[in-house]
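Residue numbers (numbering that gives the first Met the number 0), protein chains in the order written: chain U, 0 to 344; chain G, 0 to 66.
Derived from the structure by calculation, the hints contain no laboratory data.
Mixed in with the good hints there might be a few duds.
With the C-beta cut set under 7 Å, the calculated list includes, among others, these residues of chain U facing chain G [what the hints assert, rightly or not]:
(1) Leu40
(2) Ala128
(3) Gly153
(4) Leu176
(5) Ile179
(6) Ser224
(7) Trp228
Here a beta-carbon is modelled for each residue, glycine too, at the ideal position from N, C-alpha and C.
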Amino acid sequence: MEGGHQKLERYSRQILFEGIGEEGQRKLQTKHVLIVGAGALGTGNAEVLTRSGVGRITIVDRDYVERSNLQRQQLYTERDAIDRIPKAIAAQKRLREINPTVEVNGKIVDVTVEEIDQLVSDVDLVIDATDNFDIRFLINDSAQKHRIPWIYGGCVSSYGLSFTIIPGETPCLNCLLETIPLGGATCDTVGVISPAVQMVVAYQTVEAMKILVEDFESVRWKLVSFDLWNNEQSAIDVSGLKKKDCPSCGESPSYPYLSYENQTKTAVLCGRNTVQIRPPKKVDRDLHVLVTQLEKQGGNIEQNPFLVTYHYEDRRVVFFKDGRVLIHGMKDIVEAKKIYHQLLG
Amino acid sequence: MDIHVNGEKRELSNDIQTIYDLLNHYKLADKKIIVELNADIVDSSQHIETLIQDGDRVELVHFVGGG
Numbered sequence: 000m001e002g003g004h005q006k007l008e009r010y011s012r013q014i015l016f017e018g019i020g021e022e023g024q025r026k027l028q029t030k031h032v033l034i035v036g037a038g039a040l041g042t043g044n045a046e047v048l049t050r051s052g053v054g055r056i057t058i059v060d061r062d063y064v065e066r067s068n069l070q071r072q073q074l075y076t077e078r079d080a081i082d083r084i085p086k087a088i089a090a091q092k093r094l095r096e097i098n099p100t101v102e103v104n105g106k107i108v109d110v111t112v113e114e115i116d117q118l119v120s121d122v123d124l125v126i127d128a129t130d131n132f133d134i135r136f137l138i139n140d141s142a143q144k145h146r147i148p149w150i151y152g153g154c155v156s157s158y159g160l161s162f163t164i165i166p167g168e169t170p171c172l173n174c175l176l177e178t179i180p181l182g183g184a185t186c187d188t189v190g191v192i193s194p195a196v197q198m199v200v201a202y203q204t205v206e207a208m209k210i211l212v213e214d215f216e217s218v219r220w221k222l223v224s225f226d227l228w229n230n231e232q233s234a235i236d237v238s239g240l241k242k243k244d245c246p247s248c249g250e251s252p253s254y255p256y257l258s259y260e261n262q263t264k265t266a267v268l269c270g271r272n273t274v275q276i277r278p279p280k281k282v283d284r285d286l287h288v289l290v291t292q293l294e295k296q297g298g299n300i301e302q303n304p305f306l307v308t309y310h311y312e313d314r315r316v317v318f319f320k321d322g323r324v325l326i327h328g329m330k331d332i333v334e335a336k337k338i339y340h341q342l343l344g
Numbered sequence: 000m001d002i003h004v005n006g007e008k009r010e011l012s013n014d015i016q017t018i019y020d021l022l023n024h025y026k027l028a029d030k031k032i033i034v035e036l037n038a039d040i041v042d043s044s045q046h047i048e049t050l051i052q053d054g055d056r057v058e059l060v061h062f063v064g065g066g
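Taking the hints into account, I'd like the entire structure generated from these sequences.
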């Protein structure tokens, strides 16, 4: 543990800032933040909050580092990409180096309805750093159920937006969107530049700081968006969109997205030309047994403590211990399932 | 017609008469979007019939999934 003097030194400039001060700093150190996703927004948010001295940070991600991440995912290095280190592990390592006084926990998890309640139930704040709306609607329902604030962020090309959702106060994501948006531009199709990521990170982390030091007066109630390349910015007061009959945050909520039937079992990963398949029930896959099975089928096998990579014809297939499989080089879910069953029976 | 879109002055062809035309112009008509016209939110069911005029201030926020 760091002594009082070193602590004051580490956070001196932040304590001088009148919005935080010693009182705020003390509060920050008692708080637990969940960051869902360790991609561009996740690594940016995690670095700011780790440096700022939040007490505990849990960061969860289902993927591993690839070279195409390095242009904007600020915690990762070339080595992480070469070794295909799971993002949760690489992020945890780097964050602990940055500030060893913060309790950082990285978890390799594909967050679904099974995991979300447990993850959300003992945190003070959730940061959305995901890349799809399926999981955002899950976060939205779970955060409402547990009365935990969460901060939406999204970006693509040079555009980004953010909104802070406080149960009982603001409209929720379901109020604003009503249904899960389908399709649309992704970093897969139109790319993304790092300044757009950083801008959303700034909007999210400053709101996080306000909430964690309990300065709710200063919270930005508006939906903000910007396009950095086209010099546009906007802030809209959406408080009128809060719906009394909203199934997620209304007077008698049913939290529809926490029902298992509403969950997707396969997903095309943003920016990756990759299909993920997860078994209907969670399994603890023995990677050694798997390697033995795959060796019989030929092809090239690589392994690290977290996953197995199998080169099969012109495909690359990655197996995680939790049962998930990523099939690279395709977006066709049906074709991906065929390969999955060919390899695993 | 000159209007302000997200704080920037934009000169638009006179063919653009409604919010719906404007969203089509920006290729946003099929997106999840929140539209504010002169500080009031315009419900999505009203986009087709809501006229825009010279000097209007429009804010367009569409939701994206990337992150």
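Q. Taking the least C-beta to C-beta distance, is U:Ile179 closer than 7 Å to chain G?
A. Check failed: Cβ of U:Ile179 comes no nearer than 9 Å to chain G, outside 7 Å.
Q. Taking 7 Å as the limit, does the beta-carbon of U:Leu40 come near enough to a beta-carbon in chain G?
A. 4 Å, holds
Q) If you take the shortest Cβ to Cβ gap from U:Ala128 to chain G, is it below 7 Å? A) 5 Å, holds
Q.
Under 7 Å is the threshold here; is the Cβ of U:Leu176 close enough to any Cβ of chain G for the hint to stand?
A. For U:Leu176, the interface hint holds, since the closest Cβ of chain G sits about 5 Å away, which is under 7 Å.
**Q.** Interface hint compliance - U:Gly153 to chain G, C-beta minimum distance less than 7 Å
**A.** 4 Å, holds
Q: Double-check U:Ser224 for me: the hint is only fine if its C-beta lies closer than 7 Å to a C-beta in chain G.
A: With a minimum Cβ separation of about 4 Å from chain G (threshold 7 Å), the hint on U:Ser224 holds.
Q. Does the CB of U:Trp228 sit less than 7 Å away from some CB of chain G?
A. This hint is violated: U:Trp228 lies away from chain G, its Cβ roughly 12 Å from the closest one there, beyond 7 Å.
The earlier numbered hints that this structure contradicts are 5 and 7.
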